[in-house]
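Novice: Read top to bottom, the protein sequences are chains F and R. Numbers given in the working numbering equal positions in the first sequence, counted from 1, plus 220. Numbers given in the working numbering equal positions in the second sequence, counted from 1, plus 220.
Warning: the hint list may mix true and false statements.
Treat identical chains as interchangeable: a pair holds within one or across any two.
Below, computed lysine to aspartate or glutamate pairings styled on EDC-like, alpha-carbon distance capped at 20 Å [stated by the list, open to error]:
| id | residue 1 | residue 2 |
| --- | --- | --- |
| 1 | 383 | 256 |
| 2 | 384 | 256 |
| 3 | 438 | 505 |
| 4 | 383 | 490 |
| 5 | 538 | 471 |
What the hints contain is simulated information worked out from the structure, not anything from laboratory work. Here the structure is a predicted model, which means the values were calculated and not measured.
Take a look at the letters that make up each chain.
Number of protein chains: 2
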Amino acid sequence: MSDVMNDRIITLDYGSGGMKTSELIESVFLPAFDNEYLRGLGDGAVLDIPDGAGRPVFSTDSFVVSPWRFPGGDIGKLAVCGTVNDVSMAGGVPAYLSLSLIIEEGFLFEDLKSVAASIASEAKKAGVAVVTGDTKVVERGKGDGIYINTAGIGFAAFDIPGKKSVRPGDSVILSGSPGRHGAAVMMARAGLLAENSALKSDCMALDKMARSALEAGKGGIRILRDPTRGGAATTLSEFVEGTDMSIEIDENLIHVDPEVSAACAILGLDPLYCACEGRMLAICDRDAAPDVIKAIRKIPGGEGAAEIGKVTGGAPGKVFLKTAVGGSRILQKLAGMQLPRIC
Amino acid sequence: MSDVMNDRIITLDYGSGGMKTSELIESVFLPAFDNEYLRGLGDGAVLDIPDGAGRPVFSTDSFVVSPWRFPGGDIGKLAVCGTVNDVSMAGGVPAYLSLSLIIEEGFLFEDLKSVAASIASEAKKAGVAVVTGDTKVVERGKGDGIYINTAGIGFAAFDIPGKKSVRPGDSVILSGSPGRHGAAVMMARAGLLAENSALKSDCMALDKMARSALEAGKGGIRILRDPTRGGAATTLSEFVEGTDMSIEIDENLIHVDPEVSAACAILGLDPLYCACEGRMLAICDRDAAPDVIKAIRKIPGGEGAAEIGKVTGGAPGKVFLKTAVGGSRILQKLAGMQLPRIC
Numbered sequence: 221m222s223d224v225m226n227d228r229i230i231t232l233d234y235g236s237g238g239m240k241t242s243e244l245i246e247s248v249f250l251p252a253f254d255n256e257y258l259r260g261l262g263d264g265a266v267l268d269i270p271d272g273a274g275r276p277v278f279s280t281d282s283f284v285v286s287p288w289r290f291p292g293g294d295i296g297k298l299a300v301c302g303t304v305n306d307v308s309m310a311g312g313v314p315a316y317l318s319l320s321l322i323i324e325e326g327f328l329f330e331d332l333k334s335v336a337a338s339i340a341s342e343a344k345k346a347g348v349a350v351v352t353g354d355t356k357v358v359e360r361g362k363g364d365g366i367y368i369n370t371a372g373i374g375f376a377a378f379d380i381p382g383k384k385s386v387r388p389g390d391s392v393i394l395s396g397s398p399g400r401h402g403a404a405v406m407m408a409r410a411g412l413l414a415e416n417s418a419l420k421s422d423c424m425a426l427d428k429m430a431r432s433a434l435e436a437g438k439g440g441i442r443i444l445r446d447p448t449r450g451g452a453a454t455t456l457s458e459f460v461e462g463t464d465m466s467i468e469i470d471e472n473l474i475h476v477d478p479e480v481s482a483a484c485a486i487l488g489l490d491p492l493y494c495a496c497e498g499r500m501l502a503i504c505d506r507d508a509a510p511d512v513i514k515a516i517r518k519i520p521g522g523e524g525a526a527e528i529g530k531v532t533g534g535a536p537g538k539v540f541l542k543t544a545v546g547g548s549r550i551l552q553k554l555a556g557m558q559l560p561r562i563c
Numbered sequence: 221m222s223d224v225m226n227d228r229i230i231t232l233d234y235g236s237g238g239m240k241t242s243e244l245i246e247s248v249f250l251p252a253f254d255n256e257y258l259r260g261l262g263d264g265a266v267l268d269i270p271d272g273a274g275r276p277v278f279s280t281d282s283f284v285v286s287p288w289r290f291p292g293g294d295i296g297k298l299a300v301c302g303t304v305n306d307v308s309m310a311g312g313v314p315a316y317l318s319l320s321l322i323i324e325e326g327f328l329f330e331d332l333k334s335v336a337a338s339i340a341s342e343a344k345k346a347g348v349a350v351v352t353g354d355t356k357v358v359e360r361g362k363g364d365g366i367y368i369n370t371a372g373i374g375f376a377a378f379d380i381p382g383k384k385s386v387r388p389g390d391s392v393i394l395s396g397s398p399g400r401h402g403a404a405v406m407m408a409r410a411g412l413l414a415e416n417s418a419l420k421s422d423c424m425a426l427d428k429m430a431r432s433a434l435e436a437g438k439g440g441i442r443i444l445r446d447p448t449r450g451g452a453a454t455t456l457s458e459f460v461e462g463t464d465m466s467i468e469i470d471e472n473l474i475h476v477d478p479e480v481s482a483a484c485a486i487l488g489l490d491p492l493y494c495a496c497e498g499r500m501l502a503i504c505d506r507d508a509a510p511d512v513i514k515a516i517r518k519i520p521g522g523e524g525a526a527e528i529g530k531v532t533g534g535a536p537g538k539v540f541l542k543t544a545v546g547g548s549r550i551l552q553k554l555a556g557m558q559l560p561r562i563c
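With the sequences and hints as input, model every part of the structure.
Specialist: This is how it looks when you write it as structure tokens:
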């Protein structure tokens, strides 16, 4: 172990699969994520299925956010939340995570430990265990500090029928201000964010919020999604894409936090196209909507939940925004590169 | 779709999560991996559990091999085989894969399609479905063409007791010449490999080999592993690390293909420390060994299976190599960077 403790930076040796890789696992990862599956150190983890668990729900994301540490979180927190949220949006209760790192030679050992600590802390909060993993190291100039992949397994607790079940009159619910994550990362990248700025990423695990909403909705929730890359506008477009439905949202019903508005004005971005990493968009039966909104508001981070519009049937596949001054414009999926490496 | 067809290279837009990302999914990934789970295009896939399936087996690997196309395969084939093999070595029958790409801006569209085709072909052979995925694009100079992560889910069909069950007298079995993958990749990287060289990676899925061996072993197999990074020597060391057992292998029993020996001589490498991507190392009860070897030999790629040594009890945690000329040396885990970015 002494070698590890004496190294200040990650070198290519740590990705060799030999002695140094073992040392890294034993000095950083095992202590951070300690559990019986990981301790086996086999090629794969043989998992337990919780009593009464439904079908497995499986999802993955790679994270390349730049900068890797941003106001409100870091790539480790994001890598846990992103996959936990994908599993949750599909109706699963997240249970297990895999963790795979691609580290650029020269990354600081202390930064790796801090990322591992973030992962451990966020995984604990979301009730998921990191059960299997992998570490690769690439030469300087072939990466950018650290990239992380997580894959997640949960077990289906709710059946969410999906976009085919959406019908006119359904409510469109958003759990809080859009755009915080994208705006915070872009401002940080541009070096424009003051230390004490109120603008922080909304990055958080949505497992509890999704569960509360689904329980309160009593089968009335048609579809759930966390609007990440492409933002709320892109997710709304995807909700109706290829269906006979349209969506009308009302700018007056969408509360954008003032620090997000200000950042977007500086950056020339639209908050509706800026990524969220801790928001939930839902379409649900209008009768169920009040209970769903109430349930979401009870969850920390969901206090701003509100109906932002309705499903309509007039213009298949289209999303309309009624602007604050009474006009109307069509929202399409994000086109072109607005926000690279936001997650 | 026309945009995609007209682009020759992958640009940052394709990782934006918007229009271009959708086009990429619809023009490349959906046609290559078509299945009901992927068609849902949700955040996560809700999986079916095959009848009579055991506990889920979960594994992940990120692949950063350089060059990404090498004699005997490419990063796509490797990404499928690597994870299929990890699941198989843990006693699982592989069923589902996630696929996550980190592409460097400027990667050729036609190369991406060729990697997708490799993945699809290899997945089909191994009977696994690519059910969920993600694509990120990073700027030029922040990656190296393409990095791939796969995570795999299988279902346990066999209980492999692991290193704690290993006992003196057990057989150590290797399924074929060690070191082909590492030697082929290193020779290709150095530009030393002729087009028509016999040296090709051994990269292949071991699901059928593992299954046949486990069935033939009738509970006699203690531990299975595919010796990738660090090679056979590192895997053998890990087999006895932290146990009271030692291993004695005999150089005269290890057939190293002549093209591997030649390449290793040029590169200054030891074949026992060179990665395999299609070999299996097993420790099994000596009485079961003949049947296990016979079963492995029947599987294409396993024709060279042989006992290469025995478990002994004299020197806890140590691996001894009896050399061809009658000497003996200790094999340790790979120390230092011998073979970076081999997988």
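Novice: All hints are to be evaluated individually against the structure, with a verdict given for each.
Specialist: Outcome of the hint check:
{"no.": "1", "hint": "383 / 256", "in the structure": "between (39 Å within a copy, 15 Å between copies)"}
{"no.": "2", "hint": "384 / 256", "in the structure": "between (41 Å within a copy, 15 Å between copies)"}
{"no.": "3", "hint": "438 / 505", "in the structure": "within (10 Å within a copy, 55 Å between copies)"}
{"no.": "4", "hint": "383 / 490", "in the structure": "neither (25 Å within a copy, 57 Å between copies)"}
{"no.": "5", "hint": "538 / 471", "in the structure": "within (16 Å within a copy, 69 Å between copies)"}
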